[in-house]
Amino acid sequence: MTEYFAHRLKEFDEKSGYTARRLRSAVSPKSFSEAEEFFLDLHRRYALAQGNLTFRTLVKDRVKARDDLSDQQGRYGANDRSTDPTPS
2 MTEYFAHRLK EFDEKSGYTA RRLRSAVSPK SFSEAEEFFL DLHRRYALAQ GNLTFRTLVK
62 DRVKARDDLS DQQGRYGAND RSTDPTPS
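In this note's numbering, the protein residues as written are 2 to 89.
Rather than coming from a laboratory, the hints here were simulated on the basis of the structure.
Here the structure is a predicted model, which means the values were calculated and not measured.
Glycine included, C-beta positions come from ideal geometry on N, C-alpha and C.
Be careful, since some hints might not be right.
Said to hold, decoys possible - Calculated lysine-lysine pairs in the PhoX-like style (CA-CA distance at most 25 Å, straight line): (1) 11 x 61; (2) 11 x 31; (3) 31 x 61.
As the list claims (entries may be wrong) - Just the calculated beta-carbon pair ranges, DEER-fashion: (4) 51 x 16: 29 to 39 Å; (5) 12 x 32: 27 to 37 Å; (6) 2 x 68: 28 to 38 Å; (7) 53 x 4: 16 to 26 Å; (8) 61 x 38: 23 to 33 Å; (9) 74 x 14: 25 to 35 Å; (10) 44 x 65: 26 to 36 Å; (11) 52 x 31: 27 to 37 Å; (12) 52 x 74: 12 to 22 Å; (13) 35 x 11: 18 to 28 Å; (14) 31 x 65: 27 to 37 Å; (15) 52 x 32: 15 to 25 Å.
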C-alpha cells in the first residue's frame, strides 16, 4: 500500500509535505479502493482550487478532514445504539 501512495504522490508536481509511508498512516485506508478515493478527491480539489491553494495545504486539510470524520464516526457510528428502540 505504501508503494501505491508513493506512486500516486508522484502524479502531482508539488510536494505534499508527507512521505508515502506517513500519508498512508495518516489516511489509514482499509482497502485500495479507499486509497484511490482519497487520491481522486485530491485531484478533484486540486483542480478546482485553480492554484489558489498549495498542494501541501490541500493534503493537510484532507488528512484533517478524514481524522475529524473518523472521530465523529467513532462517537456516532454504526455501533451507536442510541436510536434503537428501548426494549419493553
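Hint check results:
In summary, the hint linking residue 11 to residue 61 is supported, as the alpha carbons are separated by about 17 Å, within the 25 Å threshold. A C-alpha spacing of about 22 Å is found between residue 11 and residue 31, which places the hinted pair at or below 25 Å, so the restraint holds. With a C-alpha separation of about 20 Å, the suggested pair residue 31 and residue 61 falls inside the 25 Å cut-off, and the hint holds. For the pair residue 51 and residue 16, the supplied restraint of 29 to 39 Å is violated, since their beta-carbon distance comes to about 19 Å.
A C-beta distance of roughly 20 Å is found between residue 12 and residue 32, which places it outside the suggested range of 27 to 37 Å. Our hint of 28 to 38 Å for residue 2 and residue 68 is violated, since their Cβ atoms are close to 18 Å apart. About 31 Å separates the C-beta atoms of residue 53 and residue 4, a value inconsistent with the hinted range of 16 to 26 Å. A hinted range of 23 to 33 Å is violated for the C-beta pair residue 61 and residue 38, which are about 18 Å apart.
Range check, residue 74 to residue 14: about 33 Å between beta-carbon atoms, so the 25 to 35 Å window is met. For residue 44 and residue 65, the Cβ-Cβ distance of about 18 Å falls outside the hinted range of 26 to 36 Å, so the restraint is violated. A beta carbon spacing of about 33 Å between residue 52 and residue 31 agrees with the range 27 to 37 Å that was offered as a hint. About 33 Å separates the C-beta atoms of residue 52 and residue 74, a value inconsistent with the hinted range of 12 to 22 Å.
Hint check: residue 35 to residue 11, Cβ distance near 20 Å, so the stated range 18 to 28 Å holds. The hint said 27 to 37 Å for the Cβ distance between residue 31 and residue 65, and at roughly 19 Å that hint is violated. Between residue 52 and residue 32 the beta carbons are some 32 Å apart, a value that contradicts the proposed interval 15 to 25 Å.
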